[in-house]
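Modelling step: build the complete structure from the supplied sequences, incorporating the hints.
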Amino acid sequence: MQATPHPLPSPTPLAPPRAGEFDARIVSNEPVNAEYRLMTVEVPDGAAEARPGQFFQILCPHSGALQPFFRRPMSIYRIDPAAGQLSFLYKVTGTGTRTMAELEPDATINLFGPLGNGFTLPEDGAPIVLLGRGVGLATMAPLVPFARKAGHAVTAILSARTPELVMSEAEFVDAGANVLAVTDSQGTSAVENVEDMLHGLHAEGRLGALYVCGSNRLMLAAQRVARRLGLFGEAALEQQMACGVGMCFCCVRPFRQGDEIVHRRVCSEGPVFPLLEALEW
Amino acid sequence: MVDLSVDCGGIRLANPVMPASGTFASELADIIELQRLGAFVTKTVTPGKRQGNPTPRVSEVPGGMLNSIGIPSKGVDAFIDETIPLYADYDVPLVVSISADTPDGFADICRRVSVPGVAAVEVNISCPNIEDDGRAFAMRPETTLAVMRKLRQATDLPLWAKLTPNTGEIPAVAQAAEEGGADALVVANTILAMSVDIRTRRASLGRVMGGLSGPAIKPIILRMAYQCVRAVQIPVIGCGGIMTAADALEYLIVGCRAVQVGTATFVHPGAMLTVIDGLEDYCRQNGIDRIADLTGTLSAEAHDASLEWEAIA
Ligand SMILES: Cc1cc2nc3c(=O)[nH]c(=O)nc-3n(C[C@H](O)[C@H](O)[C@H](O)COP(=O)(O)OP(=O)(O)OC[C@H]3O[C@@H](n4cnc5c(N)ncnc54)[C@H](O)[C@@H]3O)c2cc1C
Ligand SMILES: Cc1cc2nc3c(=O)[nH]c(=O)nc-3n(C[C@H](O)[C@H](O)[C@H](O)COP(=O)(O)O)c2cc1C
Ligand code: FES
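From first to last, the protein sequence lines are chains A and B.
Everything in the first sequence is counted per UniProt numbering, starting at 1 for the first residue and increasing by one.
Everything in the second sequence is counted per UniProt numbering, starting at 1 for the first residue and increasing by one.
Honestly, I wouldn't trust all of these hints.
[Stated by the list, open to error] EDC-like mimics (lysine to aspartate or glutamate), calculated; alpha carbons at most 16 angstroms apart, straight line:
| id | chain 1 | residue 1 | chain 2 | residue 2 |
| --- | --- | --- | --- | --- |
| 1 | B | LYS49 | B | ASP101 |
| 2 | B | LYS150 | B | ASP104 |
| 3 | B | LYS49 | A | GLU260 |
| 4 | B | LYS74 | A | GLU260 |
| 5 | B | LYS150 | B | ASP197 |
| 6 | A | LYS149 | A | GLU49 |
These are calculated hints, taken from the structure and not from any lab test.
Note that the structure is a prediction, hence the values are computed from the model and not measured.
Shown next as structure tokens:
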């Protein structure tokens, strides 16, 4: 039996490749504190043009009994186009991040990216506030230089269990952010306090748009404040991933769209989403 | 120049490598040159809208992964209006994967996707049949034959039947699919499996059980593909655990006409292209002018020896 003929190729050229898979040389891979490490890699031309909020799918090596199969999604923590380098700030938890932690400088690591949609800034040059905890700080960090360059004042509220675990404070300050640290041990990280801080910042004219990552409770607090004050905001979300590019539908999360609850793929429709549409997890 | 083209189940493919359903979408166009693939195979589409399963929908296991994505579907109408046109710019045959939960529902969706731009229909008969207590159509020869007969009446396009490895009688199911009018068999879907997180004592998947895919399943599916090749006259397309050209070559040597690559694309987005390049290299190095000549070149002794097993298994 013969098939119906399929259409002829179009004369218009197809879109150029956007993200790619490549081996990157590791420049350094050092512990930052008891839980986190910072890995800096050299990347080919173009890859360092990645946007804050985008991520890479990292192929973690096999090591003895540790045989990670999926790639691990990691936000871009630092972008240095001049040096052609990118950094990842990662928490060593399971199989993949443990083998990633073993890699020495000059070894290579296979990366796939940059992937996903990065943060967007409000058009009116409004001052912005970043709200992050844990791994969320890694995702948020490159937004500081990006927003400063675009003329936005930046305040960052960094949340952690203890003052020692507040990561990247210097990174945020050096990039031009006003940093406010809140911690569990000092009793300052409770959502009520963070909400009060946000209202205070708004009263001082320092909160025109709100960005959040790394904590469900902080996201809900940010949503309450943004709704009350009618602010633009974005939330960067996490979900387990396989393909990283929108094909497998394993990374869905629920979102509010009008009166409906819809599923969206964190990898390709995110990981950055409109703040008020994200639902708690 | 090696001739990589093959005739496969009613269509001619520029090369024998294509994606497995559910592991491919037009998003890949941003990353690899889709024009180089032998065919496109879309994610299974169902008649109506479906949400899919609860998360976690995937879990890694040694040498592979489990998935219980379910079949989130925007329904066949949206598929025809929105998805099929995405592939119109390519000179690559489009194979549409369908499923439904009754034989009549299957025939109906098959009729509806038989539109210009579609080169063949892959029927995912590995899905539950509500008229058979939820057992997959392809678990038994009788239900396979019944649904294939209905599908055959519903379209003039080539029909590829995708079998499940969860049946104990794969050669008989393969023969039933052929008798029912299939133009090719895809062997196979995922193997039903599960895993547990010992810290939380919860199943790793939200749906508890799911399908195992990836390199871990290759020896099992290769065996089934071989059994099917020997049971039917129509082409068999091998699908299970292909990560490299060497894996694809094993399938061709046991008698498959073409192969599908699934899970490998999640690990290496360019895996299908690497397989194509590797097949060409192998042919060149071994003085094979046409890859079609490689199909079914397993040594004769193997066939005789395997007969003893078939008596037992
Ligand atoms: C878009 C995005 C950006 C991220 N950025 C960072 C970052 O910059 N720094 C950082 O430390 N972590 C980040 N994460 C979380 C990071 O991906 C997980 O911590 C990591 O995958 C855990 O892998 P593992 O091998 O240590 O754990 P394992 O327990 O071995 O992981 C098993 C499986 O679960 C997945 N998984 C486990 N935890 C998470 C999680 N929180 N999110 C998604 N998948 C998970 C793994 O990818 C793997 O598939 C990000 C996640 C996403 C989705
Ligand atoms: C995430 C995922 C989704 C899948 N979805 C479908 C599907 O919709 N329809 C189908 O027939 N097979 C589906 N499959 C099965 C694959 O097409 C293929 O048969 C199987 O994964 C074995 O091949 P592999 O080992 O190369 O992945 C899916 C597999 C995976 C991993
Ligand atoms: S990880 Fe595959 S769709 Fe998001």
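Status of the hints after comparison with the structure:
1. B:LYS49 / B:ASP101: Holds: LYS49 (chain B) and ASP101 (chain B) sit about 13 angstroms apart, inside 16 angstroms.
2. B:LYS150 / B:ASP104: holds, 7 angstroms
3. B:LYS49 / A:GLU260: It holds: about 14 angstroms lies between the C-alpha atoms, which stays within 16 angstroms.
4. B:LYS74 / A:GLU260: holds, 15 angstroms
5. B:LYS150 / B:ASP197: violated, 43 angstroms
6. A:LYS149 / A:GLU49: Holds, at roughly 15 angstroms.
Hint 5 from the list above is the single one not met by this structure.
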